[in-house]
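K.L.:
If you read the protein sequences in the order shown, they are chains F and D.
Using the UniProt record's numbering, the first residue of the first sequence is number 1, and each one after it goes up by one.
Using the UniProt record's numbering, the first residue of the second sequence is number 1, and each one after it goes up by one.
No lab work stands behind these hints, which were simulated from the structure alone.
Here the structure is a predicted model, which is why all the values come from computation and not from measurement.
All C-beta atoms, glycine included, are put in the ideal place defined by N, C-alpha and C.
One side of the interface only, derived from the structure: several residues of chain F facing chain D at Cβ under 8 Å:
1) Leu82
2) Arg140
3) Glu152
4) Val194
5) Leu195
6) Arg200
Covered stretches of chain F (chain D as the covering partner; in silico rule of three or more C-beta atoms under 8 Å from a C-beta of chain D):
7) 48-55
8) 66-79
9) 109-122
10) 132-138
11) 154-168
2 protein chains.
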Amino acid sequence: MRLSELSEHSGVSTATIKYYLREQLLSQGRRITATRSEYDASHLRRLRLIRALIQVGKVPVATVREVLAAVDDESLGRTTRLGAALWALPRAEEADPQAPATREAQALVEDLLTELGWDFARANGALSPAYRSLVTPLTRLLELGHPVTVTELTPYARQMASVAGHDFDVLETLPDDAERAETAVAAAILREPVLLALRRVAQEEESARRYGP
Amino acid sequence: MRLSELSEHSGVSTATIKYYLREQLLSQGRRITATRSEYDASHLRRLRLIRALIQVGKVPVATVREVLAAVDDESLGRTTRLGAALWALPRAEEADPQAPATREAQALVEDLLTELGWDFARANGALSPAYRSLVTPLTRLLELGHPVTVTELTPYARQMASVAGHDFDVLETLPDDAERAETAVAAAILREPVLLALRRVAQEEESARRYGP
Chain F
1 MRLSELSEHS GVSTATIKYY LREQLLSQGR RITATRSEYD ASHLRRLRLI RALIQVGKVP
61 VATVREVLAA VDDESLGRTT RLGAALWALP RAEEADPQAP ATREAQALVE DLLTELGWDF
121 ARANGALSPA YRSLVTPLTR LLELGHPVTV TELTPYARQM ASVAGHDFDV LETLPDDAER
181 AETAVAAAIL REPVLLALRR VAQEEESARR YGP
Chain D
1 MRLSELSEHS GVSTATIKYY LREQLLSQGR RITATRSEYD ASHLRRLRLI RALIQVGKVP
61 VATVREVLAA VDDESLGRTT RLGAALWALP RAEEADPQAP ATREAQALVE DLLTELGWDF
121 ARANGALSPA YRSLVTPLTR LLELGHPVTV TELTPYARQM ASVAGHDFDV LETLPDDAER
181 AETAVAAAIL REPVLLALRR VAQEEESARR YGP
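Excised from the complex, chain F in its bound form:
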């Protein structure tokens, strides 16, 4: 398709597409004549991912470039490639690693991972952004005086393991690793609010069932 058609299909203005091309977030189309290039479905997909990152995720352009570099890096193993793309996304500010509440939260995460038998996550430990992204809100809870225990977290973790299993089943229906990594990133930004909203609706339904409307 031509640039104007790519704009129409994606809802992104031609000026913005040209900006993404200049910034190398989007790869050049196949040159047909001196003034015309041809774009394909991969450009459209990439454009949707860039919009999700910038408009919804409020991700800065420099970070978008890092995320996309990981998505495109065929030299990475599959776990690393998916992980690298997600890890490049902005995260909540981390707690001071030396503060007592942080140490308590880390001990809690260690105990939880042992209880669950999640040995890979435990082996990676503090090197993994996923692990650190769990320490941060737990530290917050403890600092604010809300106690939290392994017993209480374990069922949630098991349910999230089941969600993660489903996440990968969906990813595996996609044809290649690049598209999987793109989808995982878009999902992290666009689908997390869906998951939380589903929980709220489920809570409302559960409350009505237990106590009446």
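We have chain F already, so just place chain D on it with the hints.
P.N.:
This is chain D only, laid out in the frame that chain F set:
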């Protein structure tokens, strides 16, 4: 306990506690002498909730007052009381209800609730903030060109139903409705990031199991 002890136990300065007392976010202690009041565990609990709302949830003081009014309103039924407290929390900006993507998202939510047999949520429909909080991110997905189907959402919704069941099992261990409503509000703000982080850790573990580290 005295004001100074309340400050020490909660980590909130006495000046800030006095401000919350003046703003009537926190109820007055029991007057002992002209210059001294006695505070109890309920003040400490309330103070922790206020901190969670203001510091983590970035909830404006006027909204904190609305949330607390719902938490404290004994005339409300249990479902309404829990719901009212949660519904008073700030939400993502809603999509234009007349836009085609919004109508498509609403139809999707209707079909999903029918498929799940969640009749209460469906009966409440667009009146319920939980329902609307689901329409918003789905509209976003559709607008940005990411298709989404009932088939794909159903397993997530069922897993969230299981999470919600556990949420209420935990709430029911608490002694009274006021404390349940407080806990539900603190949980909505402080524990949602924990749930999302658990999902990321679970994804990392699942990826390592399927594809190697």
